[in-house]
Amino acid sequence: MDGEGGVIKKFLYVNRKAPYGTIYALESLEVVLIGAAFEQDVSLVFIDDGVYQLKKGQQTTVDSGIGVKDFSKTYRALEGYDVEKLYVDKKSMEMRGLSTSDLNVDVEVLDDAQMADLMAQQDIILSF
Amino acid sequence: MLHTVNKSPFEKNSLESCLRLSKEGCAVLLFEDAVYGALKGTQLEATVVEALKSKKMYVLLPDIEARGMRAEDVISGVQTVDYAGFVDLVAEKATVQAWL
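Residue numbers (the numbering used here), protein chains in the order written: chain A, 1 to 128; chain B, 129 to 228.
Rather than coming from a laboratory, the hints here were simulated on the basis of the structure. The model shown is predicted, which means the values in this text are computed figures rather than measured ones. Heads up, none of these hints are tricks.
Stretch-level coverage of chain A by chain B, calculated; a stretch enters the list once three of its residues show a Cβ under 8 Å from a Cβ in chain B:
| no. | region |
| --- | --- |
| 1 | 18-29 |
| 2 | 46-60 |
| 3 | 64-73 |
| 4 | 93-101 |
Cβ coordinates follow ideal geometry from the N, Cα and C atoms, glycine included.
Excised from the complex, chain B in its bound form (with noise of 0.2 Å):
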């Protein structure tokens, strides 16, 4: 199963909720405002690390440079992934669940 977020984890708790209620072994894909939850040095880089541990995470790069960041400020063990990685985990995947 896959799990997109695309709400910043400051503003809304999506990733909160959907760190809480995904399984072990499922993806979760940041995207829009959700990357800056998989950037280093933040308050939920804990969070994220902890999660790390039984999900696979992925951040969309286009949205982390579009936000002034860089690859290098991901969460080391988060995958970054380009749109053609995006559709490649829909389509690997049985279902989504978008965390809106």
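So here's chain A without its partners, still in its complex pose (with noise of 0.2 Å):
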């Protein structure tokens, strides 16, 4: 970024689709860890369906599931890439019977009010 006098944009990636059922979760993913490489100020949001993305516990193997790739251990590898900023809908995780333990990364839940004004602070906004 050093030619370019060195930028940042907040970038948002918004999640709202269940892991295994669509390809949107983990193209998400894909592109968050192609945008890393950038060096932005990057958030996180999983809203609705999305929130399902971070459930402990995922089995997928050939043997013992319908042998996909299991990509939810990645969220836990993207702090190495200085993508830290992980948010969670309360209403999404409580309407699914889910809390904060059941999921396998550390995460900052936010209230209607605080997810709207996330948002609205961002340059960019990514919705999968």
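Starting from the two chains in their separate frames, assemble the complex, guided by the hints.
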């Protein structure tokens, strides 16, 4: 970024889909990882069925399951790429009978107003 | 008759429509993202428990496990099946309605 003057923008990735029924969740994660190379100010939010992406204990091996890559472990590696701001929508989580202890990464839980504020602060929002 | 649902009940109304428009005594199989509807402790639980009074409900276990849940997380009365069980259900029913 040095040659470009190092402008840092606020990027927000909005995740609203469950992990395996469609390809959105995996694609979002791929874009986050690619984007991490550009050293921007990145936040991820998980809303609606997106909170299921972070569920602990996913088993997807060929032997015992559906035979696809379990990418949930990748969320744990994000801090290694300086992607450390993960937020979960409180209502979406509670509606699904989940709490932060069901999730495999540390997240900040936001209420409606806090989520709206976070979105309003961004330069770029990418939705999946 | 067998009804299949593969979309999350929190994202689409497929399960709701299926349960509203299916007859007593029919079978309903939840797979892919619809398995979230078979879990205890969600806002949908009461709806499923009510449906179980007149319908047989099944859920595909590999799709449950892929999503980090286990058989014991499934609402009691909803039967878990494997892929062979899915095929048996399709084979034994005269018709299948897929709620996409």
